[in-house]
Amino acid sequence: MTGNMFINYSLLILFLPVAAFTIQIFIGKRLPRQGDWVSIGAVIITLVLAIAMFASMLFGHDPNFSQEASFTWLDMGVFKIELGFLVDNITITMLLVVALISTMTHIFSLKYMEGDIRYSRYYAYLGLFTFSMNGIVLANNLISMYMFWELVGVSSYLLIGHWYEKDSASDAAKKAFLTNRVGDIGFFIGILLIFSSLGTFVFSEIYDGIAAGQLGGTVLTFAGIGLFLGAMGKSSQFPLHIWLPDAMEGPTPVSALMHAATMVAAGVYLVVRLFPLFTPDALLVIAYVGGFTALFAATIAVTQNDIKKVLAYSTVSQLGYMILSVGTGAYIAGFFHLVTHAMFKACLFYGSGSVIHSMHHALDKKHDHKTDPQDMRNMGGFKKKMPITYWAMLICTLAISGVPLFSGFLSKDAILAGTLSFASQNPGHFLLPVFGFGAAAITAFYMFRLMIMTFHGKPQMPEIYDDIHESPKEMTFPLVVLSSLSIFIFYTLPYFNPFSDEGWFSEMIVASDSVVPGNETAHYIAEGIHHVHYYAMALSLIVAALGIFLSWTMYFKKKISADGWAKKLKPIYNLSFNKYFFDENYNQYLYQPFLKLSNLVAYIDWDLYDKYFINGFGRVTKLFSFFTGRLDYDGLDQTIIDGIGRSTRRAGGVLKYLQTGRLQSYLLFALLGVILLVLFQSF
Amino acid sequence: MDNLNTYLSIAAILFSLGMFGVITRRNAIAVLMGIELILNSANLNFLAFAKFGGMNMSGHIFALFVIIMAAAEAAVALAIIINIYNNYKTINVDDVRELRQ
Chain G
3 MTGNMFINYS LLILFLPVAA FTIQIFIGKR LPRQGDWVSI GAVIITLVLA IAMFASMLFG
63 HDPNFSQEAS FTWLDMGVFK IELGFLVDNI TITMLLVVAL ISTMTHIFSL KYMEGDIRYS
123 RYYAYLGLFT FSMNGIVLAN NLISMYMFWE LVGVSSYLLI GHWYEKDSAS DAAKKAFLTN
183 RVGDIGFFIG ILLIFSSLGT FVFSEIYDGI AAGQLGGTVL TFAGIGLFLG AMGKSSQFPL
243 HIWLPDAMEG PTPVSALMHA ATMVAAGVYL VVRLFPLFTP DALLVIAYVG GFTALFAATI
303 AVTQNDIKKV LAYSTVSQLG YMILSVGTGA YIAGFFHLVT HAMFKACLFY GSGSVIHSMH
363 HALDKKHDHK TDPQDMRNMG GFKKKMPITY WAMLICTLAI SGVPLFSGFL SKDAILAGTL
423 SFASQNPGHF LLPVFGFGAA AITAFYMFRL MIMTFHGKPQ MPEIYDDIHE SPKEMTFPLV
483 VLSSLSIFIF YTLPYFNPFS DEGWFSEMIV ASDSVVPGNE TAHYIAEGIH HVHYYAMALS
543 LIVAALGIFL SWTMYFKKKI SADGWAKKLK PIYNLSFNKY FFDENYNQYL YQPFLKLSNL
603 VAYIDWDLYD KYFINGFGRV TKLFSFFTGR LDYDGLDQTI IDGIGRSTRR AGGVLKYLQT
663 GRLQSYLLFA LLGVILLVLF QSF
Chain Z
80 MDNLNTYLSI AAILFSLGMF GVITRRNAIA VLMGIELILN SANLNFLAFA KFGGMNMSGH
140 IFALFVIIMA AAEAAVALAI IINIYNNYKT INVDDVRELR Q
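Residue numbers (my numbering), protein chains in the order written: chain G, 3 to 685; chain Z, 80 to 180.
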């Protein structure tokens with residue numbers, strides 16, 4: 003495959019979903035089966051193309067492969083904007099992830115969304131999302147990335163609010179959109195800071211400019227933090243994490259596709275893509291935000307009872323990991339975790355969707371509409387009833403907990419090694435590995451808590467237990483595919499060592515050096531990681547085992563009473579259970595004062611400014627207009643304009659009687675005229 | 080008696096009579112007869128100038144042409160009058176006043 007074909011394939015991958023979107027939105031309802039086959043066909047073609055690109059990347063064996071194609075979007079002399087596409091190994095891998103998860107979601111939704119009132123609309127928005135996500139992945143410049151970034155935000159908004167008749171869903175959609183807005187302002191400021199100094203939006207030109215020293219120091223730090231703010235919003239990092247758990251109001255397949263696997267990874271992708279331009283200070287901010295988010299969200303996930311909320315906070319925590327690894331310089335590890343996490347987290351969400359689906363049907367049969375089908379306290383013992391879901395989720399749980407032989411172990415291990423190496427080089431930042439390892443232990447703990455509460459033990463609602471069934475094939479197929487992709491072997495080929503992340507991934511996707519003068523080189527960072535790799539691995543194994551063991555004794559063996567500990571640690575438990583009162587505090591200290599300020603501004607605007615200034619101005623204008631109007635209308639129009647017309651008309655009225663219609667009178671007039679002429683002639 | 084002015088005077092009287100007829104008559108046929116008078120007054124002038132004014136044969140030729148033209152004009156005019164009669168059931172020119180405002 004030549005380079006040009008890569009670009010052509012990428013363009014197809016980009017535009018097929020949007021074609022499906024257009025068809026669905028306009029004529030989807032009138033097509034047979036509401037047109038779901040259009041969307042599914044489109045994404046399956048993109049998946050095939052993505053696999054083809056991926057295969058030729060693997061067989062190309064070129065770690066530095068990169069193809070760019072650009073065109074001029076706007077040319078105003080000095081101000082010129084070039085848009086374009088960049089295809090390199092990171093892009094190709096990401097395209098495959100997006101296409102794969104998107105396809106799985108389309109298939110999963112076949113049954114999950116069956117009979118939905120806006121079935122074709124739902125598929126249309128999935129197509130729009132896939133298009134926007136691919137746009138972000140393919141962008142070679144900040145402007146088109148920003149556009150697709152916003153498009154992703156829009157499609158996320160539309161899908162979270164899919165059931166907008168429910169107030170909670172429409173509120174969650176608004177919350178997601180507005181919280182993202184905060185981050186996006188930072189993103190935009192970052193873009194403008196870079197553009198004002200370098201005059202370009204294209205990544206490679208920005209890197210050249212920074213390497214040449216045209217932009218640096220504090221400005222670059224702030225530009226980096228601005229860009230990172232965008233990533234914080236989209237990847238739901240502390241303190242902008244509040245929207246993601248609420249976004250679970252959307253349909254579960256959407257949660258899997260967007261709020262677990264791909265869309266929230268856009269923030270991580272952004273920082274991975276732009277890693278070379280971050281200054282050490284900006285990277286430190288990134289590392290601390292990510293590390294803190296990882297631990298903080300994990301502590302919330304521990305006490306949640308809603309199966310999707312647990313997974314949502316787990317997602318926030320895992321995204322924190324990825325961000326943390328970018329901050330410590332081991333950003334390829336972060337990207338690696340993005341890929342593996344996309345597989346197992348999407349699978350976990352499908353699993354939860356499958357459980358919720360069957361809970362829902364069972365409750366429906368009993369005409370019970372009060373019980374929450376997502377509450378894990380109503381589950382238990384589902385292992386026998388839903389074996390495929392159980393085993394798939396178990397594999398993914400092992401993967402996310404960092405157990406060897408599964409993909410999560412490799413990527414998590416790489417991230418933790420990165421933090422450990424960073425802390426060993428900068429002992430002042432010992433907190434970063436503490437965040438990382440702490441979060442790893444807690445992750446293992448709450449994921450097994452979820453598994454045990456859902457699938458093991460006695461059924462908590464025996465009356466519905468008989469109606470719990472395994473989900474249909476359309477729903478188990480994605481589970482099987484994605485859980486198999488959570489096994490280490492897919493990431494270490496052609497090697498078979500489950501304890502090392504050596505493989506096609508580490509060979510094909512290599513870190514590039516930072517272009518900021520004074521930053522450590524990729525080689526130096528890699529050396530450091532290599533140095534501490536075994537300590538990190540041992541430590542991560544220990545913490546994962548600790549977490550799993552604790553969960554096992556507490557929830558499976560019931561040796562330790564979970565409720566008892568919750569009572570003993572009441573204040574901490576309450577904090578965690580109520581998500582550290584973030585929503586409440588935001589409401590009290592941010593929204594309410596802001597509302598008051600807005601009310602005050604509105605008062606000044608409406609009651610003072612409008613009433614006195616605007617209206618006064620209006621009144622003066624009115625008066626003035628009245629006089630000029632009189633002058634114009636009565637003075638000019640009536641006398642000159644209409645006067646001429648009127649007199650013409652009057653003259654016509656008089657003279658029309660001369661037109662008698664009798665030829666003879668005309669002739670007489672003509673004769674008189676001739677006589678007059680003759681008379682004038684003679685005198 | 081046998082000089083230009085006598086002929087011109089007679090022609091002028093003939094023209095005036097013709098004009099008077101054209102202007103005052105109600106009957107379209109009579110109007111047509113007035114026109115014939117006017118044409119003949121012109122003919123008389125041509126012939127007078129042919130004899131006294133040096134127009135010579137040209138005057139005679141002109142007069143012949145006018146007679147031919149008058150015949151043609153009479154044919155056309157009578158056709159028009161027949162059409163007017165067919166449309167209005169009258170040949171009174173006062174009743175044909177479509178040109179009025």
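Warning: the hint list may mix true and false statements.
As the list claims (entries may be wrong) - To spell it out: a stretch of chain Z is covered by chain G in this simulated footprint if at least three of its residues, at any positions, have a beta carbon under 8 angstroms from a beta carbon of chain G; those stretches are:
(1) 95-102
(2) 165-177
Said to hold, decoys possible - Away from chain G, derived, C-beta distances all over 12 angstroms, residues of chain Z:
(3) Ala107
(4) Val110
(5) Gly113
Quick caveat, the hints were computed from the structure, so don't treat them as lab data.
Glycine included, C-beta positions come from ideal geometry on N, C-alpha and C.
- Hints breached by this structure: Checked against the structure, the hints that fail are numbers 3, 4 and 5, while the rest are satisfied.
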